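Student: One-letter residues, chain by chain:
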Amino acid sequence: MPRYNTEFDPPAPIVGFTVYCPVDHKRAANIQGELDSGAEVTVVPQGLVDTLHLVPRRMMVTQGYDGTRNQWPTYMIDLEVEGCAVYDVEAVALPRPDAVLGRDVLNHFIITLNGKELIFEVVDP
Amino acid sequence: MGKSVTLKETRAVYAVTLDEALLRQAPFTIERDGEPVAAVVPVDEYREFIAWRERVQSRPAVRPGEAVSRDDALAALGRERAAFLRLKDQLLRTYRGKFVAILNGEVVDVDDDDRALTRRVYTEHGYVPIYIDRVVEEPPVRRILSPKKAVL
Numbered sequence: 000m001p002r003y004n005t006e007f008d009p010p011a012p013i014v015g016f017t018v019y020c021p022v023d024h025k026r027a028a029n030i031q032g033e034l035d036s037g038a039e040v041t042v043v044p045q046g047l048v049d050t051l052h053l054v055p056r057r058m059m060v061t062q063g064y065d066g067t068r069n070q071w072p073t074y075m076i077d078l079e080v081e082g083c084a085v086y087d088v089e090a091v092a093l094p095r096p097d098a099v100l101g102r103d104v105l106n107h108f109i110i111t112l113n114g115k116e117l118i119f120e121v122v123d124p
Numbered sequence: 000m001g002k003s004v005t006l007k008e009t010r011a012v013y014a015v016t017l018d019e020a021l022l023r024q025a026p027f028t029i030e031r032d033g034e035p036v037a038a039v040v041p042v043d044e045y046r047e048f049i050a051w052r053e054r055v056q057s058r059p060a061v062r063p064g065e066a067v068s069r070d071d072a073l074a075a076l077g078r079e080r081a082a083f084l085r086l087k088d089q090l091l092r093t094y095r096g097k098f099v100a101i102l103n104g105e106v107v108d109v110d111d112d113d114r115a116l117t118r119r120v121y122t123e124h125g126y127v128p129i130y131i132d133r134v135v136e137e138p139p140v141r142r143i144l145s146p147k148k149a150v151l
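From first to last, the protein sequence lines are chains A and B. Residue numbers for the first sequence follow numbering that gives the first Met the number 0, so the first one is 0 and each next one is one higher. Residue numbers for the second sequence follow numbering that gives the first Met the number 0, so the first one is 0 and each next one is one higher.
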């Protein structure tokens with residue numbers, strides 16, 4: 000089982016996964032992202048857009064926890080998490096170094112968080 | 000092709016003396032009250048211009064297969080989004096609740112299924128910035144990060 004990343008305080012479940020350009024799976028990149036059930040949508044780093052030459056699809060209105068609203072471009076991507084493919088994910092690209100897997104992706108899996116042991120499991124049912 | 004008039008009509012209306020040798024050197028400008036209102040150019044030059052204009056107008060903002068920068072892609076998407084917003088009242092009457100795809104300022108496809116529509120337009124028009132959105136009065140607001148991750 001993967002272990003929580005203890006570089007985060009408190010430790011966080013961070014999973015490695017692969018992002019693919021939806022029209023060309025040769026364009027792919029391995030990145031890491033936090034499992035975040037509080038996020039409605041998945042977030043990827045802006046740098047990934049440049050690496051994979053992703054094309055924006057629309058602008059999404061988002062709201063932060065403090066009520067601040069923003070608009071961000073979204074991109075369709077395909078993902079492979081723990082050996083399981085998730086197609087046609089709408090991801091927001093933000094200026095940040097790592098990704099966040101939101102409920103749009105997490106709901107495809109059975110996820111067990113064992114905070115006591117600092118281990119977690121992502122399983123495709 | 001634009002409207003054609005005979006030389007007789009032109010002469011009658013504008014009193015233009017058409018010297019074809021002179022026309023090859025430079026276009027005539029037709030003036031009204033001292034202000035230029037039209038120009039007369041050799042027909043070959045005019046046809047070349049029409050062909051060029053059609054090529055430019057039919058060309059997608061970003062050509063399929065062409066790697067573009069993120070900024071260029073966002074600028075292209077912005078133009079398509081502006082068209083979506085401009086057409087929104089009309090779209091609400093005809094496609095309310097459906098997803099539409101906008102390319103070169105026009106609706107190129109419609110579907111109830113967002114993902115199926117996206118796949119289809121990328122296949123048919125290339126992987127270029129095509130604005131795809133649901134036709135609704137107000138777009139939904141999405142929460143993207145847990146509070147602790149909201150500092151970007």
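Any given hint could be a false lead.
Restraint ranges, calculated between C-beta atoms of paired labels, are given here [unchecked claim]:
#1 Thr122/B / Arg95/A: 52 to 58 Å
#2 Asn4/A / His124/B: 20 to 26 Å
#3 Glu6/A / Glu136/B: 24 to 30 Å
Facing chain A, according to a computed beta carbon distance under 8 Å, are these residues of chain B, among others [to be verified]:
#4 Pro26
#5 Leu91
#6 Arg92
#7 Tyr94
#8 Arg119
#9 Val127
#10 Ile131
#11 Val134
#12 Arg142
#13 Ile143
#14 Leu144
Hints listed in this document are in silico derivations from the structure and should not be mistaken for laboratory results. This one's a predicted model, so the numbers in the text were calculated from it and none came from an experiment. Idealized CB from N, CA, C, for every residue including glycine.
Student: Hint by hint, note whether the structure agrees.
Tutor: Hints and how they fare:
1. Thr122/B / Arg95/A: 52 to 58 Å: Violated - the Cβ-Cβ distance for Thr122/B and Arg95/A, about 32 Å, lies outside 52 to 58 Å.
2. Asn4/A / His124/B: 20 to 26 Å: At 41 Å between Cβs, range violated.
3. Glu6/A / Glu136/B: 24 to 30 Å: 44 Å, violated
4. Pro26: 41 Å, violated
5. Leu91: Since the shortest Cβ distance to chain A is 17 Å, the answer is violated.
6. Arg92: The hint is violated - Arg92/B has no Cβ within 8 Å of chain A, the shortest such distance being about 21 Å.
7. Tyr94: Constraint on Tyr94/B not satisfied, violated at 15 Å.
8. Arg119: 12 Å, violated
9. Val127: 6 Å, holds
10. Ile131: Cβ of Ile131/B sits 5 Å from chain A, so the hint holds.
11. Val134: With Cβ-Cβ at 12 Å, over 8 Å, it is violated.
12. Arg142: 5 Å, holds
13. Ile143: 5 Å, holds
14. Leu144: For Leu144/B, the interface hint holds, since the closest Cβ of chain A sits about 5 Å away, which is under 8 Å.
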